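Participant: Residues per chain are reported as follows:
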Amino acid sequence: MQTDADRQETRRHLKAAVAARKADDVVRYARELLCSNKAADAMFCASAFNAIAKELVEQGYRRLKTYIVRSVTMEPILPSLTVEALLSGYVMDISLGGYGSYINEMLNGESDLTRASADLVFVVLELEDIAGKLPDLCADGLGEGVEAEIETAVTRVGQMLRGYRNGNSGRLVMQGFVIPATSSLGLVGDANLEWSLANAVKHLNRRLAEACGAISDCVFFDVDQVAAHYGRAQWSDTRMLLASRLPISPGAFKVYAQGLIRSASVLFRAPRKVLCTDLDNTLWGGILGEDGPQGIVTGSSFPGNCFLEYQRYLKQLAARGVLLAVTSKNNETDVEEAFQIRSADLGIHLSDFVARKIGWGEKTQALRELAQELNLGLDSFVFVDDNPIECEAIRQQLPEVAVLVAPTEEPWKLRGTLAEQPFFDTITVTADDLNRSQEYKAQAQREALSTKTATRDEFLNSLDIVCTFVSALEAPLSRSVQLLAKTNQFNLTTRRYSSAEVERFASGSGSLAVAVRVRDRFGDAGVVGLALATQSGDQCLVDSLLLSCRVIGRGIETALLANVADWAARSGAKWIVGEYIETKKNAPSATFYADHGFERELSSVEGGSIFYRLNITEHLPLTPSWLTLEGKDTHEFATSTILTS
Amino acid sequence: MSSQQVPSSLRDIIADTLEISSTEVTPDLSGDSVETWDSFRHLQLILALEEEYGVQFDPQQIPDLTTVAKIQAALEQKGANLG
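Keeping their order, the protein sequence lines are chains A and B.
First residue of the first sequence: 1, per the working numbering; consecutive thereafter.
First residue of the second sequence: 1, per the working numbering; consecutive thereafter.
A portion of the hints provided could be inaccurate.
Said to hold, decoys possible - Computed list of lysine-lysine pairs in DSSO-like fashion (alpha-carbon distance at most 27 Å, straight line):
id	chain 1	residue 1	chain 2	residue 2
1	A	Lys-65	A	Lys-22
2	A	Lys-452	A	Lys-357
3	A	Lys-38	B	Lys-78
4	B	Lys-70	A	Lys-38
5	A	Lys-585	A	Lys-54
6	A	Lys-357	A	Lys-486
What the hints contain is simulated information worked out from the structure, not anything from laboratory work.
Please read these numbers as outputs of a predicted model, since none were measured by experiment.
Full structure from sequences and hints, please.
Facilitator: Next comes the structure, spelled out in structure tokens:
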């Protein structure tokens with residue numbers, strides 16, 4: 001508990017850090033001060049963050065130009081929003097729309113909103129703005145006209161969001177509505193009558209979420225869930241709502257801001273991909289090496305069921321594509337034995353983990369090896385362990401890894417603590433996500449085969465790889481955008497395009513957006529690569545080219561380039577211009593163009609871009625012989641060369 | 001008038017909200033004398049004061065709390081402990 005003297009002390013440090021322009025210190029002291037949960041401290045920190053916004057951006061915080069379209073009072077909430085955004089890695093530069101002008105702002109191409117060219121747009125409206133008749137229509141609970149009112153509202157919101165989307169690329173967060181804490185029907189009527197206001201608002205929220213799903217780069221923010229978690233009765237201060245149109249009571253500013261930022265984050269950040277769990281006192285209770293397989297705590301009765309809850313949660317994560325891994329200080333044979341002997345008491349099997357590091361080495365090393373084995377960056381990892389020393393070692397040595405300390409003394413809290421984290425938040429689950437665990441297991445089989453075959457070509461030939469080229473829109477589009485957002489290592493320019501931007505590449509006549517799906521004798525890796533290119537005159541510029549790290553090194557990157565080259569040649573280009581932008585992570589793609597015979601342009605460094613060019617009338621990139629091609633444009637080229645030659 | 005006449009906790013909250021130095025917070029400071037003291041900052045200030053001192057103002061009284069002295073008097077009338 002901070003005393004007022006502590007707070008004053010922290011504030012003095014914070015002020016000094018701002019004056020010294022030390023972003024790290026500002027964030028550290030702000031975190032400390034914010035523990036007070038006081039509005040004045042949030043305001044103090046928000047002004048500090050605003051004062052050193054430039055330094056924060058230099059430190060890697062992402063600047064988000066944010067515009068709030070609203071019909072309610074948001075001003076007092078802005079400091080909390082600024083603070084929570086910063087704690088999630090964003091420097092938010094916020095503009096507010098007028099109270100009554102939201103329709104004009106969204107639909108008029110010349111409004112303040114469209115002129116703001118925002119990165120992010122929050123749409124915060126009240127029930128009375130979009131479905132004002134609902135409370136009266138729901139008064140008898142019978143529902144005459146309720147559905148019609150809801151459908152009209154959903155159509156109107158859909159038009160508004162599409163109107164904005166048409167010509168703007170800012171990502172959208174549409175806020176839903178809080179179910180009123182009370183209505184004239186009372187507790188029993190609200191629950192039992194089909195069209196009580198409570199039921200109608202639930203239905204409206206669901207329909208709005210569907211409408212948001214149909215719009216690219218748009219996420220629905222279920223404010224009702226946040227309000228219910230906080231307590232609907234405390235959510236709003238009726239006095240302030242009626243006197244100042246302030247919809248949320250000050251005590252809830254923080255959780256509201258957190259919910260809003262968490263929803264927006266999925267539009268800017270890729271989810272983590274791997275959960276790496278410890279075994280002893282984390283996946284099960286007790287220590288296997290001391291207690292033996294019969295002694296470890298797991299199963300349907302307390303306290304074993306605390307661990308069973310966690311195991312089941314992990315399995316649910318795996319079901320939507322999160323990869324599970326194990327690091328444990330144990331003997332491997334003991335662990336295998338425990339999983340076998342106690343299988344009836346465990347909610348998870350050893351085979352549910354795609355990789356494991358069981359032994360006596362350092363966990364930092366184990367995580368590094370897992371990252372290499374799974375071909376993923378450490379920033380894709382979540383590490384769960386009960387040992388605070390191990391956790392601290394990971395935090396210090398591998399700061400990219402998200403660390404969660406398992407509460408040994410209160411094992412019932414582990415599942416909930418994990419569930420609160422935004423690590424795995426995602427707006428879409430694609431078929432590729434569902435297939436991922438399977439694909440990693442296939443990878444292990446491939447590696448086994450590669451040790452049996454003599455040469456690389458022989459090995460690649462024996463895989464029977466088939467590449468299918470499809471339009472980025474049919475990948476489907478959500479997968480194309482996901483690839484752009486998530487691919488780090490083999491990614492030549494690392495441009496994180498939105499759906500709308502990819503659509504523009506795919507639909508323009510002078511541009512190309514092609515995706516590649518890959519399968520082999522062991523499995524279907526799904527859509528794993530993407531290229532975006534534009535053509536002007538005799539030049540084809542490769543804007544983006546990327547490939548999931550799971551399939552690097554099998555010639556698929558060459559096939560992708562060959563596909564782009566075919567298209568370029570058919571469109572009459574003489575040159576392919578490749579662009580490379582170095583990042584901390586994309587070293588594996590640094591020599592891609594040079595390896596394919598491109599020449600580096602001498603004066604080609606322009607804002608971090610290096611350009612390479614290749615004359616395709618002299619040297620057309622060809623698909624490696626071990627790949628079989630299918631799909632878009634792969635046969636047309638053969639025909640067109642015959643016609644022109 | 002001097003900022004020393006304003007209790008320090010009150011001075012800090014007002015300074016934070018209006019983004020000014022706490023030495024500028026004198027009893028006669030008002031919405032007319034500080035540019036940042038607009039109607040939204042006013043609302044923000046009231047919310048912060050209510051939270052800090054555990055009081056609630058009548059919404060009809062809020063627009064009249066236009067100077068630091070009036071705010072201090074209203075808080076004292078509500079029995080707030082200004083330290």
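Participant: Which of the listed hints are not met by the structure?
Facilitator: No numbers; nothing is violated.
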